[in-house]
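Below, each chain spelled out in residue letters.
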Amino acid sequence: MPPTLDELMRALPEVEPAEAESLGKPLAAASLWPVPVGRWRRLRLLGTLQAKIGAAYLFYWIRGWFKNVEHRERLLAETHWRTAVSLLDSMSYLRGAVMKIGQTLANFPDIVPRAVVETLEQLHYDAPPLHWSLLREMVHHELGDDPENVFASFDKQAFAAASLGQVHRARLKTGEEVAVKIQYPGIARTIREDFRNFFLLLLPGRLNKDWQSTKDQFDDLRARLERETDYSVEAAVQEKVRALFREDDGIVVPRVYPRYSTSRVLTMDYLDGVHIDEFLARTPSQEERNEFARKIVRAWARILYAGRLSYADMHPGNFLFLPDGRLGVIDFGFMVAHTDDEWRDLHKVDRAMTTGRREDLIAAIKEWGYLTDSPEDADRLRLHEAFAEWCWLTHSRGRSFDFGDEADFRRGIDLFLEMIRKRYSRARPCTPAIARMNFGVRALLYRLKANIDPRPISEEEVKATGWDRSDYA
Amino acid sequence: MRVNAETKIETRWRILEAAEQLFASGGYEASTTRDIADAAGIANGTLFNYFPNKEAILASLVAGVAAGIHADFENRSPEDGSFEEVLFAFVAAGLRRLKPWRKHLPVLLETLLNPLTLAPAEDAVAMRRSHLETVARLARQHGVGDLPAVALQLYWTLYIGVLMFWAQDSSPKQEDTLGLLDTSLAMFTGWLQAEKHSTTHKKKGGA
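Sequence order for the protein chains is A and B. FYI, the numbering for the first sequence is 218 to 690, going by our numbering. FYI, the numbering for the second sequence is 46 to 252, going by our numbering.
You may find that some hints are simply not true.
Straight-line C-alpha distance at most 30 Å; calculated DSBU-like pairs for lysine-lysine [stated by the list, open to error]:
1. A:373 / B:218
2. A:666 / A:583
3. A:373 / A:390
4. B:144 / A:390
5. A:583 / A:680
6. A:583 / A:565
7. B:218 / A:457
8. B:218 / B:144
9. A:390 / B:218
10. A:565 / A:680
11. A:680 / A:457
12. B:148 / B:218
13. B:241 / B:99
14. B:144 / A:373
15. B:99 / B:148
Computed from the model, here is a short list of chain A residues facing chain B with C-beta under 10 Å [said to hold, decoys possible]:
16. 347
17. 351
18. 353
19. 357
20. 358
21. 400
Far from chain A, some chain B residues (derived; all Cβ distances over 10 Å) [as the list claims (entries may be wrong)]:
22. 51
23. 58
24. 80
25. 87
26. 101
27. 126
28. 133
29. 141
30. 143
31. 145
32. 155
33. 175
34. 191
35. 197
36. 223
Just so you know, these hints were derived from the structure itself, not from any lab. Virtual Cβ for every residue (Gly too), placed ideally from N, Cα, C.
With the hints as extra help, turn the sequences into a complete structure.
Right, here's the structure in full:
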């Protein structure tokens, strides 16, 4: 006799309720796990993660056939939640580059379900800590003595954790309150392993004609992430960016203390601010939100125009809202310095966007994306044009724009996803970093529900480039 | 001529001192027992009254360093944190002390300290004993209880593995060894917990 529906339903696997109900458990358990380094072990873990998510949605889908709508919504929420938990669980374990991807996803509140975003956001602030004995050895290795001897005081408990390290509060013997970022041992190799794994997963795409471009972008990202594992590089960039801001900008970049910094330890001023969630939880006024949004736009434009750098780590965890109204910008591990060629192309994009002339824009996009006039590139051109407009128009139209407009935000995400779906990846190697930055800014402004006109800021900031916009006409 | 106990101790000390200098300057491989005897001002044959071979001299030197580690650790105020964390601190303190000897360790590890060695030298036995005694004491102090012999053997195998890896670790400042040590100790303490759980379970089941 064939099984009844009820029997079939019961046969579908369920996640243990205890496993799904709390994030505390995976976080606590993950803190006991070291960074896994073996290539095959990591590949297996990645596979398991995909299987877990795939299975969670598949079960929802099958179960949904037999459920009424109301119940289905409840089930969907549960499925999202489970997926979020298993994602976080695996990513905390894998740390490194996988966590970077998790952070990028968290910028897109609308492509992934809310529960997943909320869970992913924890990656910005709450990655699992490594135990004190191990950290003490790292400090001893790097600074030549135990933390309790190097610093006047050193908080054993990390107050923040990032993809590559964790951050402790300390006080220098000269009295300064500092944040000390310490890198997990062996993380550099972890990232290399991650990328080899991702590359293997990408291999089925090698017959696609954009393969070479995908590979170039991928290699570029890998090289950048590998460089990011060297805190001395980050310290140099941080000092460069810090020098770009003046006191009246209301934007602060922490000072680096080179005597207490190496390639694995980075000591900088401690900033006493809160992250975006905590800031929004206080229900700030529209003007307060707008003011921070203007500072975010200014920070982005200053770093791009005066620093010739793209801030590819534009995620909520790297912005601090200080009680005196200043914006703190932290974490300069993932910065992209633009080459002369890229800079010339960016100038062309700026010209096209400022004049609003379509032929300029098309020409700039063609050059950027290596596109031709052939009919097979027509769809690419359409998509790239729409996406470029979405990215840049709000900055150049010259009137207030409601960045909290969900439909507009959604449109940008949809365009981006369409490009990914169609595998339109042919473009300059720095494109993923720039896309991250643009999405990052838009996602932050969306979260702030900002209603501002970014044009005056960008007009002011673009002067640093020497580009003469009056000349464009 | 009768050699009294005092002379014996002094000669032994001279051999060790000469060997330490020679190993440090010319390297372990390049130094022969004859070189050591010459530097210590004794006949080559006399040296073998004290040490059966060059490895035993090295073992004795390293054992001296290792004894210092235990003293360091005994004198420290009790550590807070889990057994795993304290054990990590203990091994890491040892690595700091042994650092000048890092490159010479494979010789000892392949012979005297090898967990599979049937008749290890006296110094190696003493070193292993005092190391494991400290581990056992830390386990008791941190609520893990008495470690069974098989647990100590497992620990020793992992520890020797870490030392062997460390001796050849080419990562910057040997940071990979810290990662390996962390993994090894997590594995060890995880196994202890699983053992404890299954023993309790069996007892309950049998009752």
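Would you mind confirming whether the straight-line C-alpha gap from residue 218 (chain B) to residue 144 (chain B) stays at or under 30 Å?
holds, 11 Å
Between residue 373 (chain A) and residue 390 (chain A), is the straight-line Cα distance small enough, at 30 Å or below?
holds, 17 Å
30 Å Cα cutoff - pair residue 144 (chain B), residue 390 (chain A)
holds, 29 Å
Measuring Cβ to Cβ, find out whether residue 133 (chain B) lies farther than 10 Å from everything in chain A.
violated, 4 Å
Beyond 10 Å from every chain A Cβ: check whether that's true for residue 191 (chain B).
holds, 23 Å
Please work out if residue 373 (chain A) and residue 218 (chain B) have their alpha carbons no farther apart than 30 Å.
Since the Cα atoms of residue 373 (chain A) and residue 218 (chain B) sit roughly 23 Å apart, the hinted pair holds (cutoff 30 Å).
Has the given pair, residue 218 (chain B) with residue 457 (chain A), been kept, meaning a C-alpha gap of at most 30 Å?
The hint holds at about 28 Å.
Is residue 390 (chain A) within 30 Å of residue 218 (chain B), Cα to Cα?
holds, 26 Å
Can residue 353 (chain A) be said to touch chain B, with a Cβ gap under 10 Å?
Check passed: Cβ of residue 353 (chain A) comes within 7 Å of chain B, closer than 10 Å.
Holds or violated: residue 565 (chain A) to residue 680 (chain A), with C-alpha atoms at most 30 Å apart
holds, 15 Å
Taking C-beta pairs only, is residue 175 (chain B) more than 10 Å away from all of chain A?
holds, 21 Å
Using 10 Å as the Cβ threshold, decide whether residue 357 (chain A) counts as touching chain B.
holds, 7 Å
Violated hints for the displayed structure, listed by number in ascending order: 2, 13, 27, 28, 29 and 36.
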